[in-house]
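J.: One-letter residues, chain by chain:
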Amino acid sequence: MTLYVLCFALFLVGLYGILTKRDLVKIILSSGIMGYACNLMLVLFGYRSGGVYPILEKGKDAAAMVDPLPQALVLTSIVIELGVTSLLAALAIRLYQKYRTYDITKIRSLAG
Amino acid sequence: MITPYFVIIPLFAALLIPFVSRRNDVRAAYLSLAAVLSLVVLSGYAFVRLNGDTLVYKLSAWKLPIGINLVLDAFSSLMLAMVSLIALTSLVYSVNYIRHLGADWRYYSLFMILVAGMNGVLVTGDLFNLFVFMEIALMAAVALVAYGGRAHEFEAAFKYAVMASVSASLILVGIAVVYGATSSLGLATIAQSLGRTSPLIVLWVGGLFMAGFGVKAAAMPFHAWLPDAHSSAPAPISAMLSGVLIKTLGVYVLIRLFYNVLGAPHLFLQIFLGLGAVSIILSNVLAIGQWDLKRLLAYSSIGQVGYILLAAGLGTPLGMVGAVFHMVNHAVFKSLLFYNAGALETALGTRDLRQMGNVTRLLPVTSRTSMVASLAISGIPPFNGFFSKLIIIIAAVQAGQPVFAIVAVVGSLISMAAFLKVQRYGLRGGRTVEKLVGHVDGWMKTAMIILAALCLATSLLVVPGIREVTLDPVVKVIMDKTGYAQVVLGK
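Respectively, the protein sequence lines represent chains W and C. Counted the way the numbering used here counts, the first sequence spans residues 1 to 112. Counted the way the numbering used here counts, the second sequence spans residues 1001 to 1491.
Hints are all accurate, no fakes.
A few chain W residues that face chain C, going by a derived Cβ cut-off under 8 Å, partial list only:
(1) Ser77
(2) Val84
(3) Leu87
Just so you know, the hints here were simulated from the structure itself, not pulled from any lab data. Beta carbons: idealized from backbone N, C-alpha and C, even for Gly.
With these hints in hand, go ahead and build the complete structure from the sequences.
T.: In structure tokens, the structure reads:
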């Protein structure tokens, strides 16, 4: 249970960062933290206490293994997150070239 | 077994485009036009031949609880036809229009990836697969929003990407909860086993998905990214985003999940109604206040999505007819309005309504088609918008929700006021424009004329004989609720 609460706290840290930080780089980092929390949660849902790695070998019992599917999902989701993060970073670099600042309060040329 | 080709064709075209085109964009344009034309033919064929049936394709022949399956039913094939048709006109419009941002094959490649992602979302029958396709479509969409390369476009794209990543996280948590509760990811198997778990799980899952996909659909409290992103993109891309992207990633997925997977729980239908009503009134009021033509159109999109959500929230078959019909109609007339905005921007060099004037003599095609689209979106007969709004209002009264019927009527009047403003200032103003700074060419005119004709043609969908073969099978799939699972698993 503690693990789930900590995981949720990590998610909230990311959300807090996205909502309150003014620096583009910090926003990107916060969105990364949020993604990590989701991945962690997925892995946690597939875990069972005392479980072993899910590779079927001779003389090993499948019942004791952790669920491998969430791990596959997390791998996919990490790759997607890499793409999103690099896209965000590329946009941040171009924004810096245009405005010479990473501070979003100085960038806002668009309103609401 | 045509289902996978809806993803394969555009994805393969996106891969092929860099190889066949060197330095110029002519071959890229023709290749992508050919790809999308084949998608139009394929989806039309699929819709006609399916005739209300469901086609299940098992990837690598794995059976359902283990493998991933693609499901082609009436709802997804209608949406596929809509996406391909709007993509086709959008590409026709782009051929010369996009050259003012440089003749570049990358535009067409990104466009094809966008289409592949949307088609993937529509045909997939697996929750995580849906998430992956959604991210593919969103990445292409973000890149296309920033395509113009000006400062405010990067800013809009950044905002869009951050909002997309937040909603993606929420959706991923939702998927984790679903997997934790049911140990499966296929939509059909989830639909079967989620009913047996506690109602609290349904509440959690529904809440997370409502927030996550609500951002994609840009319903009112989640709308902040839309006016920036949709007004900063090049005109054909705005048409794609407003016309079909928010519907496939937002509304389609919401209806699919809440009706076919969760079985239309009453609480969430109430939320649909609330979100819809708030969107209809507020966004149309905000639209009136805009002087930037494309921002006005973007705000009005939020309101039109509100109509679809409201109709979907009624939970009656007639309401669902209205929702599906309005979805198709909005794709047609909102794309047309964005094309008109792009043509005006090309011809006058501005998007500010105050600096426009009377262009009816110089731009006859643009001004006439925009009149058609404005009448359609304000709900004037005989155009398609009138019929879908009428169905939604009748359905609201029949469902015993007269308040929401009044909201729909009032929203329609407010949106009419917004489009009177567009006509009064943008195209039929007091000051006659003497000369144009740019030329609206044949490709752009063709795209606008096709959609203006469709504005009239789609109103035929309510004619009883035609409605039975077009809208009714779609509504039957949706109102079947979790019967979807039996249909998919039964084969």
